[in-house]
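Visitor: Here is what each chain is made of, one letter per residue.
Protein chains: 2
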Amino acid sequence: MGQNIYLSNYELKDAISTYFEKLNIKKEFEELNTEDCNGRVTCEPIYSLISSPFYNCSAMDGIALKAESTIGASEKHHIELKEDKDYIVVDTGDPIPKEYDCVVMVEDLIRTGDKSVKIYKSAVSWQNIRPLGEDIVQNSLIIPSNHKIRPVDIGAMLAGGVNKVKVYKKPVVGIIPTGTELVDPGSELKIGDIIDFNSRVFAAQVEDFGGKAKRYPIVKDDYNLIKNTVLTAVEECDIVLINAGSSAGREDFTSEVINEVGQVFIHGVAIKPGKPVIMGQVQQKPVIGIPGYPVSAYFVMENIVKNLVEKYIALGQKPLKVEKAILSRRVMSSLKYHEFVRMKLGYVGDKLIATPLSRGAGATMSLVRADGILEVDQSIEGIEAGEKIDVKLLKDKDDIKNTIVCIGSHDPIIDVLADLIHVREKGYFLSSAHVGSMGGIMSLIKGETHLAPIHLLDMETGEYNISYIKKYLSNKNIKLIKCVKRIQGLMVQKGNPLGISSMEDIVKKKLKFVNRQRGAGTRLLFDYNLKKLNIKEEEIQGYEREEFTHLSVAAAVASGDADCGLGVYSAAKLMNLDFIPICNEEYDLAIPEEYLELDIIKELLQVIKSEEFLKEIDKLGGYDYSDIGTVI
Amino acid sequence: MGQNIYLSNYELKDAISTYFEKLNIKKEFEELNTEDCNGRVTCEPIYSLISSPFYNCSAMDGIALKAESTIGASEKHHIELKEDKDYIVVDTGDPIPKEYDCVVMVEDLIRTGDKSVKIYKSAVSWQNIRPLGEDIVQNSLIIPSNHKIRPVDIGAMLAGGVNKVKVYKKPVVGIIPTGTELVDPGSELKIGDIIDFNSRVFAAQVEDFGGKAKRYPIVKDDYNLIKNTVLTAVEECDIVLINAGSSAGREDFTSEVINEVGQVFIHGVAIKPGKPVIMGQVQQKPVIGIPGYPVSAYFVMENIVKNLVEKYIALGQKPLKVEKAILSRRVMSSLKYHEFVRMKLGYVGDKLIATPLSRGAGATMSLVRADGILEVDQSIEGIEAGEKIDVKLLKDKDDIKNTIVCIGSHDPIIDVLADLIHVREKGYFLSSAHVGSMGGIMSLIKGETHLAPIHLLDMETGEYNISYIKKYLSNKNIKLIKCVKRIQGLMVQKGNPLGISSMEDIVKKKLKFVNRQRGAGTRLLFDYNLKKLNIKEEEIQGYEREEFTHLSVAAAVASGDADCGLGVYSAAKLMNLDFIPICNEEYDLAIPEEYLELDIIKELLQVIKSEEFLKEIDKLGGYDYSDIGTVI
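Same order as they appear, the protein sequences are chains A and B. So the first sequence is numbered by full-length UniProt numbering: it starts at 1 and just counts up by one. So the second sequence is numbered by full-length UniProt numbering: it starts at 1 and just counts up by one.
Source of the hints: derived by calculation from the structure; they are not laboratory data. Don't take each hint at face value.
[To be verified] Label-pair ranges, simulated between beta-carbon atoms: (1) B:Ser74 x A:Glu538: 14 to 24 Å; (2) A:Asp36 x B:Asp36: 39 to 49 Å; (3) A:Asp108 x B:Asp14: 41 to 51 Å; (4) B:Glu44 x A:Glu384: 37 to 47 Å; (5) A:Glu384 x B:Lys121: 24 to 34 Å; (6) A:Val631 x B:Leu598: 48 to 58 Å; (7) B:Ser74 x A:Asp624: 51 to 61 Å; (8) B:Gly39 x A:Lys426: 20 to 30 Å; (9) A:Asp108 x B:Leu598: 28 to 38 Å.
Every residue gets a Cβ at the ideal spot worked out from N, C-alpha and C, and that includes glycine.
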């Protein structure tokens, strides 16, 4: 093998079955105290060793007696019985001596003395007795093999006298982070460093899959160091993961190492992200090369490593739940790959709307934000907006139902809102996508959002928001929830070293500007001001550089990539920048009237009027919230 | 308070809200390394501390250069560039120095020397650059408060420079088992002992709820010992559970203790099982008295303690999924209680059929076997067979779909079958209810089972099974899967001390007999033989004592409660009894023809013909399986 299998294009299914066939997976087991095996998987059927109860016992508080001593008792003919001669007193659970065969409960007794009672009903054999084995009979099956043990199973096993259980040993999964540029979290960072978070994510995933993670220290990009670590790891672990970067140079390394000390079976699977995965074996242990981009790594972990770990503990694959959803935006895909697209989901009206998230393989946040996965088959080139699709759910359906979908313009107060809504113990969520004010209007038109934060300046009248709603959403009954007035201005380096004082300075001083994306309210505001000042786009250096949020613009300025950008005061403050105010604007929430009746929206209205929320936005600074919560 | 609140009848909902209002729940938090907080819950919003990437970096392998140096490049007009003067070589992820503003990927370069390349396309600023903050912008929200941390969240937090996270401290839940009759699992058992498995089940449940369990040693029924243990536990824990027996005497004890050192708020909730729960507080810590019967305890844990634990970690209640099902048998309920009925579920045809399981509060196995819970409201006296009901699922819907429902006669080979079907890695289950052969026929008539194991002797012809199917199931197309011929006989004490040699001896020697329930094939066989021998029921001592399985009968004989009973050889062997053969009989599986096409049934047919299965039934002994798997 070797170069000839370099970046093959196996289908995922075929890759997995080919790989698993070549592997020689040895399930091992260990014997644990029954009480310590919650969540573990049985590797043999568990039969009871004793019966439960293991003696006949009383099901009631009362007296144990012989049924024959009650013959003839009636309301008219009471029979008197003597303790120790005719009966003994028993509590629930007490054993019934062999000489007695039934129990009369205390409510049916008339006490006639310290040691005597009268009864007024005859009893039958076995009445009120829990016979030996009533719950569990000796030698009967309690739970089968390959069963994930639950608390109730522990109870039944202990009741059945089973004090030790053989369960599958959790496979130890070694995780080797490689890369000269990698540093551990908490290290002092310098340009060029990459924080090794992948190996920590893998460790958490492995534990969730049912394995035991063993993380090795970072290994520099050195063939022999990597080889030696792999050799140590295959000694100490059942499965080994090597996390190489996805650059060609480094991948060759991993694949070469595995090929030297073992075999590479597959290098390259037709999935995106995740293509350059390596599946091999060293000393009869599976060794997998995981691509470095976090999103690629995630899909390889969930689709291949999970499968493998579960083989060791005989857990069947639990596929993710699938729901039908309506795609809100076109998704294009290559015929070369089976593609995994992360989706934002929300019930808007009674439709489940799926909106694709960022598809970059480096977009960690797209995994955090994703509610579901759309898998686009290799044979499909694209799916049109409006089509019904199958989405695999990453979140509970009920949680998705309790999520406010908020698509539109970004402001830091949306983050605060998202947090406060979730703090209240109603299980509600706010999930936002930052596509600018016009993007928000478009989402309202398509019915893919509950509400859209907007700040759209009418270039003619100078009025905010209302004319846009009238123009674009005239056929819908849209209300505007007044939110905040905020100050927009130029964000500049701390101390304003370039002495910027107005928008004209961008041209005069030939400043590097960073812009917002088309459709953003802030972009419109910028263009409006350029027009007023008679400045042309071409005169602005960096006009074409587009960022999607105020914070991104502020970050570009803070890092020195740009000299200034237009944005809100709070973003400048968060990034410790100086701020030159340009104007006030109105940032409101546009919402179809029908949604005002939803519980999640009512909650939102409460939250934005709450003291907590106003306190938080005071901390951010630069907001006037005198009208907040007014619906117009 | 005190006696006057003894066994109140609060509705569950009211009890919980009343109790929680009186409690003063203090959520505590702890700071953990981010990588150690998988599954924990944030107690504050997590904002990124740095951007990710935190510098502009290359998205490709290639060269970093100035876009302006490429102006005019085309297929016709190549531009030559020199390393270090015009460009530097970059790998994916490498930082872009300030003097460069774009990346041209290696595929678009023509190498002209060691240190020079030609390009044939002009580039634009920011092309192939991942700008600072592309994934995560500094100060933006990564996850909100009250969020259960997943592996992907760990990745995003570490990427965002968040190396420590404040999460809610898991509440420590003290568990105090009380009872003089309690012994630890593994102790040598004597009559009257009760194995303390409850406290172990509670511990596992508490961990599943998200708490930390602390189990105390068994405390004898001594007021002061219990009091002192409670006082120690409230010092050491956040919540304390006292597991008293459900007998009146002992419960008074727990309630008295709590009342002396704290307060009892509620004693008695209108739920069944679970009524005698005690909710109180000692030194501002919740103290709950849990009933002793395991099933009562289970429902109190799931419905009250879970709720309470989740309060400490701000986890919203995740209610169990509810499905519509058809009730196969009438369920009666008292107007005094909100009742929890454990249900066996199965998809038979496309209907979800729900069959109530044993309702005894001591029936641990009913919890193990339950697939769902039917809650019967306090205002309802009963639900008729055939009605549509809401069932709360304890198992995944897909697992229920993969379950073969098998209702009918019991034989130990059914346990073996259930195990072997689950061992195969298809995720199939076999779930059986032992209601006797006639019960199985009834279930087929009602369509509540996939198949029914039967051994029904035609008293007229001496033929097995076929005539019954013709008589009772003439309107259905039923097939018979031949299973085993087995030996029925009298099970007697080891060594046969009473010298039993025939059925006549039961009368002659005045033996204590143990019978099977009405409708069991073995009962019919016994009656058939009595008739042949001209013996009357009344002559048999113990004729009225009914057990539901061969093993239960064998257990009664083994314990000396009975001198003999009729049953199969394998059960006698499992219980180490002697066996006097009476006759051979045919134990077959009746199944509607349409189900033969189901994957789960095809699998079953494969398993019963498999070598493994035959080997296991050889071990049990007494079976002839020459026709096994033949469908007639």
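Visitor: All hints, please: hold or fail.
Guide: Quick rundown of the hints versus the structure:
1. B:Ser74 x A:Glu538: 14 to 24 Å: Taking Cβ atoms as reference, Ser74 of chain B and Glu538 of chain A lie about 22 Å apart, which means the hint holds.
2. A:Asp36 x B:Asp36: 39 to 49 Å: This hint is violated: roughly 21 Å between Cβ atoms.
3. A:Asp108 x B:Asp14: 41 to 51 Å: violated (33 Å)
4. B:Glu44 x A:Glu384: 37 to 47 Å: holds (42 Å)
5. A:Glu384 x B:Lys121: 24 to 34 Å: holds (31 Å)
6. A:Val631 x B:Leu598: 48 to 58 Å: holds (56 Å)
7. B:Ser74 x A:Asp624: 51 to 61 Å: holds (54 Å)
8. B:Gly39 x A:Lys426: 20 to 30 Å: holds (22 Å)
9. A:Asp108 x B:Leu598: 28 to 38 Å: violated (51 Å)
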